[in-house]
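Engineer: Given only the sequences and the hints, what does the whole structure look like? Please build it.
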Amino acid sequence: MKRIYVNEAWCLGCHLCEYYCAFANSPCDDMVKALKGVSINPRIQVEGGEGIHFAVSCRHCEEPLCVKGCITGSLRVKDGRIVVDPERCVGCYTCVLSCPFGAIMPSDTGVVQKCELCVDNAGGEPLCVRHCPNGAIVFEERGAEA
Amino acid sequence: MRYVIIGNSTAAVGAVEGIRSVDGTGEIILISKEPEHTYARPLISYLLCGKTTREKMRYRPADFYTKNKARLVFSEVTRIDAASKTVTLAGGQLEHYDKLLVATGSRPFVPRMDGIETVEHKTTFLSLDDALAIQTAIRKDTQVLIIGAGLIGLKCAEGIWEQVQSITVVDLADRVLPSVLTPDAARLVQRHIEEKGIRCILADSVQSFDGQQAVLKSGKTIAFDLLVVAVGVQPNSGLIKEAGGAVNRGIVTDERMQTTLADVYAAGDCAESFDLTTGTQRVLAILPNAYAQGECAGINMAGGAKEYPGTAPMNAMGLLGLHLVTAGSYDGTPLIASPTQSDGGYRQFYEKDGVLNGFILLGDIRRAGIYTSILKDRTPLAQLDPKRLLERPQLLAFSKADRIEKLGGVPLGH
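From first to last, the protein sequence lines are chains A and B.
The first sequence lines up with residues 108 to 253 when you count with my numbering.
The second sequence lines up with residues 61 to 474 when you count with my numbering.
Derived by calculation from the structure, the hints in this document are not laboratory data.
Careful: at least some of the hints might be erroneous.
Computed footprint of chain B on chain A, listed as stretches where at least three residues anywhere in the stretch have a Cβ under 8 Å from a Cβ of chain B [as the list claims (entries may be wrong)]: (1) 112 to 122; (2) 158 to 164; (3) 175 to 182; (4) 209 to 221.
All C-beta atoms in this analysis are idealised placements derived from N, C-alpha and C, irrespective of residue type, glycine included.
Structural biologist: Right under this line is the structure:
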């Protein structure tokens, strides 16, 4: 399965991926309208300091602790992707406490949100990858997985 | 192969999914005492406050049993005969098994309290039936008395908050959430729920009941219409004990979740786990643990190989708008000098033998799983950047090599 991989050596720390993520997950098809005056809460988040930067988003783990520990059953594996059903999530944040990458987070409505690889909103090519100006985020099949 | 699972909750579902990851065809029979589709037990408080519905609180979709070719039988198991590999159902019927899983969960502990038989409206709070009973019993003018300020008691209080006239919570301990919070963190939670109008009476207990009145040891009297007993739970381990299997506080298993009886496994709240943060075998009645043990048992029952070497206590909960997450044990050196934050939140970490052994976060809980992974992996703190780690949960606290492995970035020069 294709996954997002991040190369910190090439990350500029520009945070564009965060803005494209917020746009991809907005109901708007115009980026300016989608983000103007909005405090974004993206599903990919850039960490950094002292010259090091890298973006973190869901790894879509083979052994997903978030799915296995979900108290409601609203997190599940769908064709290898980990997806959340916002209708059933109650916002207990057991998954937030379980994810080793810090890649699942409260949304603005209180239920959780996470990267779902833009399958349902941007045609399956993650916008963070498409618009990374330095190729620091890639979407690749790397094989060697169960 | 014929798999019999006693139970139909988290560990049982984990086992079905574990079995089916190895064996697509063996016969699976689940025997459930509660005549329900599997439901997310912790959601009973959310059902009370209307944040979920009977349908949405199904732990797995409606087609779970047919999709997994599992048969659900509503009955109670009264006996396990490990020699003849049968279980006896309440009606006397026998079911043969090749591999058996005991996923019987826990039951409410109700201490002896004088005069409790005079209380007309009383319930525990562990099952859907309990929630439905509370739903039926409460009105705008109901005064509710909850015995127990633990996770169950406080979630119950949240569930009925603003639907009743008053809620009083009494606990023998000197603080709320005594099993998951330290005294200073508990004070913050107590203040929060008291501001919401929930009355907490701590370090006190019921001396006697007389109809709709409770007299406490301190001499205080409390009038109530509905009593909820949420003192704690105890493992349903009797079937294994009577069958001759080893039981301590909970059912004893090996790392493959097999009990001391051949071909009999146990998982979930009825079984013990190895707590990495205390180094002891104990019952860790938390949902992620139940699923993981159930899945591990299922894989092994089906001939796969999986070990569940141990885990740590962990709890995440919201309480009337305040979020808190905790993990591990607070045995160790506290690492934060002033854990109470200016925004009313709280952060504290405990170090023992060079590893993170426990933590408590109130308020800002974002990315807390980074701490949980460090705790469960027993990562030596010396391998991490302690300043960055304590500042906020971030992967930047790991070495460059670790970060590259975690995020899959190609090494430099590629």
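Engineer: With reference to the structure, classify each hint as holding or not holding.
Structural biologist: Status of each hint after checking the structure:
Evaluation of the coverage hint for the segment 112 to 122 of chain A: fulfilled, as 5 residues show C-beta separations to chain B shorter than 8 Å, against a requirement of three. For the segment 158 to 164 of chain A, the stated coverage by chain B holds: 3 residues have a C-beta nearer than 8 Å to a C-beta of that chain, and at least 3 were required. Residues of the segment 175 to 182 of chain A with a Cβ under 8 Å from some Cβ of chain B number 5, which satisfies the need for three, so the listed coverage holds. Note: the segment 209 to 221 of chain A has 4 residues with beta-carbon separation from chain B under 8 Å; the three-residue rule is met and the coverage holds.
Hint check: no violations occur; every hint is consistent with the structure.
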